[in-house]
Amino acid sequence: MLEIRDLHVAVDGKEILKGLSLNIHAGQVHAIMGPNGSGKSTLSYVLAGRAGYDITEGSILYNGEDLGALAPEERAAKGVFLAMQYPVEIPGVTTMTFLKTALNAQRRHRGEADIDAVGVLKLVRAKAKTLNVSEEMLKRALNVGFSGGEKKRLEILQMALFEPKLAILDETDSGLDIDALRLVAEGVNALRDPSRAMLVITHYQRLLDYIVPDRIHVLAKGRIVAEGGKELALELEAKGYEHIVGQAA
Amino acid sequence: MTAALATRPLETRKAEAASVWQSHGVPHRRIEEWKYSDLKAALGEKGIGAVFAEWQVQSLPAGVEMFDLSLLNPPANVPEWVKAHFAANTGNVMGAASLALSAGGIAFRVPKDAAISVPLKLDFTGPGHVRGLLVLEEGASLTLVEGVGSTSFRNVGLEIVLNPRASLEHVRISPQAGDSVLVEEAFVRVAAGASYRGHFASFGSKLSRMELQIALEGEGAQAHLSGVSVLDDRAHSDVTSHVIHRHGNTNSTQLFKHVVGGRGQAVYQGKVTVAKGANGSDSSQTAKALLLGEAAEADLKPELEIFADDVKCAHGAAVGDLDAESLFYMRARGIPEAEARGLLLQAFLEDAVAEIAATDQRELVRTELLTALKGIA
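As you go down the protein sequences, you meet chains A and B in turn. Residue 169 in our numbering is what sits at position 169 of the first sequence, and the numbering runs on without skipping anything. Adding 1000 to a residue's 1-based position in the second sequence gives its number in our numbering.
There's no promise every hint is true.
To be verified - Calculated lysine to any residue pairs in the SDA-like style (CA-CA distance at most 25 Å, straight line):
1. Lys1374(B) with Ser134(A)
2. Lys165(A) with Asn23(A)
3. Lys1276(B) with Ser1195(B)
4. Lys1374(B) with Lys151(A)
5. Lys1276(B) with His1224(B)
6. Lys1374(B) with Ala51(A)
7. Lys14(A) with Met1(A)
8. Lys122(A) with Ala160(A)
9. Lys139(A) with Ser1195(B)
10. Lys139(A) with Gly1342(B)
11. Lys129(A) with Asp177(A)
12. Lys139(A) with Asp1323(B)
13. Lys139(A) with Leu1255(B)
14. Lys14(A) with Asp1323(B)
15. Lys1374(B) with Asp114(A)
16. Lys78(A) with Leu1370(B)
17. Lys165(A) with His1224(B)
18. Lys1374(B) with Arg108(A)
19. Lys151(A) with Pro1336(B)
20. Lys14(A) with Thr56(A)
21. Lys1374(B) with Asn104(A)
22. Lys1374(B) with Gly111(A)
23. Lys139(A) with Lys1276(B)
In case anyone wonders, no lab produced these hints; they're calculated from the structure.
Next comes chain A alone, as it looks inside the complex (with noise of 0.2 Å):
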């Protein structure tokens, strides 16, 4: 589904990821470790299309397109969901108008009908439920006043919502609580499914207890530095970074 050839990306001039390669295939989640100014948040945002983040070499197919002559809108159409570390504060619009705009707006783009603001409703108080997200948070301002947990708790139910073909989910236990992230993680568990691909990226090894990976990579200065099954994530969390960085240099 996701094909990543030697990648190279540069913010502002300067090279970040330098050769990145990465296959995934429907169905599957990674997992994407690596120590902080090693290239994980450029990686996600240049999946995502974010300006600024400029691709300089090799390329990024998603299911066979090239996903880098897409703008972020018509990625998120075609099934690119990123759940974001730091989701943004709007304040101003509500979170269910935003809701209901997002998910007609990708619905509009695959030529299929809106769906009215009963039906929308009907559809986020569904999934809402189980990721403990309340009415009273879906009246307020997006994000704005959020915790910490009740953000990355409505990345989720968008995530939910939108029926992502590929999620990418950035730092998502960044800031979490140990029932915060058990909650989040189950939520993301259950979209697990056989036409789904999943990546995880993260810093630590905590978040994969909860959300078990078929294959992690570790990510060092831009570049790939060793892969392997979940065992790498306890082998990472008892010797360290500097340890498998090292090894690979």
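Mind docking chain B on chain A? Use the hints.
Just chain B, lined up with the frame of chain A:
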């Protein structure tokens, strides 16, 4: 305390106005308060003229008294409340011009403790000068919806007197008015426990200026001003306010938001004066503008003048562009760029729109903004 009566005879007040007008003439950019709105240049050779503009009452709610000010000349059956309050303010140049050069206008009064639930709808139309007077007696309440028609040049002088515990919501919507030159001065006196809420939505014109002079004259008097503007092409819109806290424990807030594209120009000049002895006064001023193009301009100038103790005054102004993070977040969730920009612009204006208490008017402003933003975004 009832709003103090104008003690000089009406003819004296009109003569004063004429002399103020004659000694100053048409304001231009070298006069500080008119720096960003050069009226003389906008008018060109045509000048200010001496035509009489018109008024139209779209809806007069039951219980509101009305008096045609053209009957002042010659005086015929002039009610006491008109004699007492008409032309009380003569110091402001354009206000003086509207007095000196108009032949009349319209006056309204809401009797003591009358709560009028239907809005009073008043339009000013045509070119020239015209006056308005609105008196709310003790404990009365009203919503005034003011319409602004396009024309070559119009100057409106409006006086509002709020007696103790009276409450007025004033909503003024100024549609895109092309080459119109529109100037209005509102003089508002707010007595103890009374409240003035003014909302100004503007889509601009060649020159469009709303000047507010508000005096908080008694304990607990309040003034809450808000405004939004969406300005494109060469549209100009100016709100110049002066709120004077004459009495202690008075409260004023101001919130103005502008979206400016093309070669549009938004002006906010807000001065708050806390007079000697007006201790315990509370005021805040916020003005923000989003500039969508290189040639768009916003001149935001909040100003404070404090002569009292123990007052709480805050003011701030900010000019910027749409937040790139927010735009990316929306697009990453599938909302196309133009739609995302529109939503964010609407969101930026929303807190100022939410200040309008009258539901119909608030929705009307929202709709007008949406249409204007579609053109600009």
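These are the hints, each one checked on the structure:
1. Lys1374(B) with Ser134(A): Violated. Lys1374(B) to Ser134(A) sits at ~33 Å, over the 25 Å cutoff.
2. Lys165(A) with Asn23(A): Given pair Lys165(A), Asn23(A) holds - Cα atoms ~15 Å apart, limit 25 Å.
3. Lys1276(B) with Ser1195(B): 22 Å, holds
4. Lys1374(B) with Lys151(A): Judged against 25 Å, a Cα distance of about 30 Å means the pair is violated.
5. Lys1276(B) with His1224(B): Holds. Lys1276(B) to His1224(B) sits at ~22 Å (cutoff 25 Å).
6. Lys1374(B) with Ala51(A): 23 Å, holds
7. Lys14(A) with Met1(A): Given pair Lys14(A), Met1(A) is violated - Cα atoms ~29 Å apart, limit 25 Å.
8. Lys122(A) with Ala160(A): Given that 25 Å is the threshold and the Cα spacing comes to 13 Å, the pair holds.
9. Lys139(A) with Ser1195(B): Violated, at roughly 30 Å.
10. Lys139(A) with Gly1342(B): Since the Cα atoms of Lys139(A) and Gly1342(B) sit roughly 20 Å apart, the hinted pair holds (cutoff 25 Å).
11. Lys129(A) with Asp177(A): 20 Å, holds
12. Lys139(A) with Asp1323(B): 22 Å, holds
13. Lys139(A) with Leu1255(B): 24 Å, holds
14. Lys14(A) with Asp1323(B): 23 Å, holds
15. Lys1374(B) with Asp114(A): With Cα atoms ~20 Å apart, Lys1374(B) and Asp114(A) stay inside 25 Å; holds.
16. Lys78(A) with Leu1370(B): 29 Å, violated
17. Lys165(A) with His1224(B): Distance ~50 Å between Lys165(A) and His1224(B) Cα, so the pair is violated.
18. Lys1374(B) with Arg108(A): 19 Å, holds
19. Lys151(A) with Pro1336(B): Holds. Lys151(A) to Pro1336(B) sits at ~23 Å (cutoff 25 Å).
20. Lys14(A) with Thr56(A): With Cα atoms ~11 Å apart, Lys14(A) and Thr56(A) stay inside 25 Å; holds.
21. Lys1374(B) with Asn104(A): 19 Å, holds
22. Lys1374(B) with Gly111(A): 23 Å, holds
23. Lys139(A) with Lys1276(B): Given pair Lys139(A), Lys1276(B) is violated - Cα atoms ~45 Å apart, limit 25 Å.
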